[in-house]
Amino acid sequence: MSIPALHLNKVSKDFGRIIALRNIDLDVEDGQFVSVLGRNGAGKTTLLNIICGVSKPSSGVVELFGSDPSDTINKSKLAVISHEMFLYSNLTAMENLEYYAKVYSIPNPAAKIESVLARVELTHRRFDLVGTFSRGMTQRLTIARALLHEPSLLLLDEPFTGLDQHAIGMLTSLLKEQKQMGRTILLTTHDLHIAKELSDRFVIIEKHKILHDGPMVDVTPDEIREKYFTA
Amino acid sequence: MRAALAILRKDLRMEFRSKESILAMWIFSLLIFVIFNFTFEVSRLVMLEIAPGLLWVAFIFSGMFGLNHSFAVEKENGNLRSMALMPVDGGQIFLGKFLSVTLIMLMFEVLIFPIFVIFYDLQLSLQFFLLIPVVLAGTIGFTSLGTILSAVAVHTRNQQILLSLLLWPLVSPIVIWSVNLTSMVLIGEIVPSFYSLLTRIVAFDVIFFTLAYMLFDFILED
Amino acid sequence: MKSTIDKILLVVLLIAFLVCMYLIFIWVPQIKASNASEQIAQKIFYFHVPSAWLGFLAFFIVFITSVGYLWKRDRRYELIGVASAEIGVLFITLVLLTGPIWAKPVWGIWWTWDARLTSSLILWLIYVAYLMLRRYLPDGSKRANLSAVVGILGFVDVPIVYYSIRWWETQHPKAVMASGEGSLAQPMFIAFMFSLATFTVLYVYLLRKRYQLLVIEDSINKQFKEMEIL
Numbered sequence: 001m002s003i004p005a006l007h008l009n010k011v012s013k014d015f016g017r018i019i020a021l022r023n024i025d026l027d028v029e030d031g032q033f034v035s036v037l038g039r040n041g042a043g044k045t046t047l048l049n050i051i052c053g054v055s056k057p058s059s060g061v062v063e064l065f066g067s068d069p070s071d072t073i074n075k076s077k078l079a080v081i082s083h084e085m086f087l088y089s090n091l092t093a094m095e096n097l098e099y100y101a102k103v104y105s106i107p108n109p110a111a112k113i114e115s116v117l118a119r120v121e122l123t124h125r126r127f128d129l130v131g132t133f134s135r136g137m138t139q140r141l142t143i144a145r146a147l148l149h150e151p152s153l154l155l156l157d158e159p160f161t162g163l164d165q166h167a168i169g170m171l172t173s174l175l176k177e178q179k180q181m182g183r184t185i186l187l188t189t190h191d192l193h194i195a196k197e198l199s200d201r202f203v204i205i206e207k208h209k210i211l212h213d214g215p216m217v218d219v220t221p222d223e224i225r226e227k228y229f230t231a
Numbered sequence: 001m002r003a004a005l006a007i008l009r010k011d012l013r014m015e016f017r018s019k020e021s022i023l024a025m026w027i028f029s030l031l032i033f034v035i036f037n038f039t040f041e042v043s044r045l046v047m048l049e050i051a052p053g054l055l056w057v058a059f060i061f062s063g064m065f066g067l068n069h070s071f072a073v074e075k076e077n078g079n080l081r082s083m084a085l086m087p088v089d090g091g092q093i094f095l096g097k098f099l100s101v102t103l104i105m106l107m108f109e110v111l112i113f114p115i116f117v118i119f120y121d122l123q124l125s126l127q128f129f130l131l132i133p134v135v136l137a138g139t140i141g142f143t144s145l146g147t148i149l150s151a152v153a154v155h156t157r158n159q160q161i162l163l164s165l166l167l168w169p170l171v172s173p174i175v176i177w178s179v180n181l182t183s184m185v186l187i188g189e190i191v192p193s194f195y196s197l198l199t200r201i202v203a204f205d206v207i208f209f210t211l212a213y214m215l216f217d218f219i220l221e222d
Numbered sequence: 001m002k003s004t005i006d007k008i009l010l011v012v013l014l015i016a017f018l019v020c021m022y023l024i025f026i027w028v029p030q031i032k033a034s035n036a037s038e039q040i041a042q043k044i045f046y047f048h049v050p051s052a053w054l055g056f057l058a059f060f061i062v063f064i065t066s067v068g069y070l071w072k073r074d075r076r077y078e079l080i081g082v083a084s085a086e087i088g089v090l091f092i093t094l095v096l097l098t099g100p101i102w103a104k105p106v107w108g109i110w111w112t113w114d115a116r117l118t119s120s121l122i123l124w125l126i127y128v129a130y131l132m133l134r135r136y137l138p139d140g141s142k143r144a145n146l147s148a149v150v151g152i153l154g155f156v157d158v159p160i161v162y163y164s165i166r167w168w169e170t171q172h173p174k175a176v177m178a179s180g181e182g183s184l185a186q187p188m189f190i191a192f193m194f195s196l197a198t199f200t201v202l203y204v205y206l207l208r209k210r211y212q213l214l215v216i217e218d219s220i221n222k223q224f225k226e227m228e229i230l
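Residue numbers (the working numbering), protein chains in the order written: chain A, 1 to 231; chain B, 1 to 222; chain C, 1 to 230.
Watch out, some of these pointers could steer you wrong.
Mimicking DSS-like on lysine-lysine, the simulated pairs with C-alpha atoms at most 27 Å apart in a straight line are [unchecked claim]:
#1 B:LYS19 <-> A:LYS56
#2 C:LYS225 <-> A:LYS207
#3 A:LYS209 <-> C:LYS104
#4 C:LYS72 <-> C:LYS7
#5 A:LYS56 <-> C:LYS222
Footprint (simulated), chain A over chain C, 3 or more residues, beta carbon under 8 Å [what the hints assert, rightly or not]:
#6 40-47
#7 209-222
Derived, one-sided and incomplete: chain C residues facing chain A with beta-carbon distance under 10 Å [unchecked claim]:
#8 ARG166
#9 GLU169
#10 GLU228
Hint data in this document are derived by calculation from the structure and do not stem from the laboratory. Glycine residues also receive a C-beta, built at the ideal position from the N, C-alpha and C atoms.
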């Protein structure tokens, strides 16, 4: 049995008056694509924060590739894409990517930067300041940034919010590509159709607990909505 | 080390492009000098006595601005989070920010000093070179504490007020010692205690730089 | 169990307070002074100095609990630290208030920039800033982390601040609050130590009470959350 990419055992996050997660058990194997669904405030973002090591659980065990998420090795295998840009508006696309390439110690940075820029169709804007980009373009650059270090685990926190059709299409095809390359992907989203299209497993977080964890195969978006999200 | 230099390079690049920080710091200090001229009607002799204090007041108020700016930029696009995610020791990230804030502040200090000399009609002498270690040591102590406290303050909605509130009391020893040393240099009386005082500032720098380096990880964590 | 200790503490405190007052105002022989108000003002010494010591102790506890929190991530450390910081601010406020009350009859001025008073003021500012930081942040592990860092940096700086102001004082001779720590006559020494002990009991009592209050607040909020979940 190989080590799962992600292993959470009885993970809780509560602190003083905040209860964010209670007794979460979750195992994700290498190469799986899991959608994390749930209402706002249910705990999805906290879950992602704990998985990527930014937040520490109050109790329970979190393991990424068999060790602590905040290990440097694990951080270099991990990429997070959320509504936060992680970019500097006062620098060009190129300069932003060069910065991250240095920090992540990427071999052959120039070539890698060129290839990710091409993948998100931003080559023609690489010398422009990020401050001049549209929302769709910044999101594409954020994705490019995330792919620079070829992460084994992708965590996406509602990445489709506020994107135009073109960007949505690009991100969807990109995620399919990453899945084919064997990357493990965790995606939180409100869009049940995209979840159905991309993932092979879905987890529902409700009131800080896991309500359901099962395969995507025999379920339709409408069934999910009716069964779990109609109060 | 690579990450710290990458952060330094990024910050310097942004600063040289916009010159936001240095310009604002310089003008702010200029304003302080001007205002002090009108609010304190004193003889030239007394002016010489308070000039060192004035210099450091200007340095520190402007320095706060630079510190605020440095982290406001990071907060803007969620870059504090991206720093927490980097496969880099928190101390290295602190080092990078510390270096960029310190270098920018030193550049500003070099640029404002001539104005200071002109406004207060100071007689330059060779001894002025002794100001270099004083300003260097004082600035480093200020930015060591300032960098980590700015990272703390940036999490609140009143970043600037909280940074002032936190930083001023903590750097008061630096202010006391630096002003005294500066006074010695400007007046031209370098007593033996000059070197022991300078050593104290350096000790302060070492203590707080080390503490900040070790504690920075906790700032990045959620 | 908890309330028994508290009851005992309260009783001890009240008795100690009464004994203290007796010692200070009746038992201790009058000092030689130029006027009556100066004689009375001197009594402030028995409140002024212990307050300073307890303020310092309180912030030492903040330091310890800050380190403890960063090490163990235990909410209890955070709460003890907060309680101690609040009480520390209280004691230091007392120092800052009794200072002028003492200085005016003795020296004729409200404020003297002497080392103890000035570093108490800076100490006060540091911990007020600590409390304000907490006020401007939402409850959670982030706030606990940030305040712990400030708690550590603040305390490490305190002796340095005191030391640097002492040095500054030698450069600018000022009216110095009689520390009395030098040669104290026997009865005064006894009264002083007793006062110190009383203040210490007061600190412990206040700390326990404040901490208990914070714990209760937490559990109430948790219970509300639980009800929402069920």
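Results of checking the hints against the structure:
1. B:LYS19 <-> A:LYS56: This hinted pair is violated, its Cα atoms lying about 38 Å apart.
2. C:LYS225 <-> A:LYS207: holds, 10 Å
3. A:LYS209 <-> C:LYS104: Violated, at roughly 64 Å.
4. C:LYS72 <-> C:LYS7: Outside the cut-off at roughly 31 Å; violated.
5. A:LYS56 <-> C:LYS222: holds, 19 Å
6. 40-47: violated (count 0)
7. 209-222: Per the Cβ count (4), the hint holds.
8. ARG166: Violated, because the Cβ-Cβ distance from ARG166 of chain C to chain A comes to roughly 40 Å (cut-off 10 Å).
9. GLU169: violated, 43 Å
10. GLU228: holds, 8 Å
Hints 1, 3, 4, 6, 8 and 9 from the earlier list are contradicted by this structure; the remaining hints agree with it.
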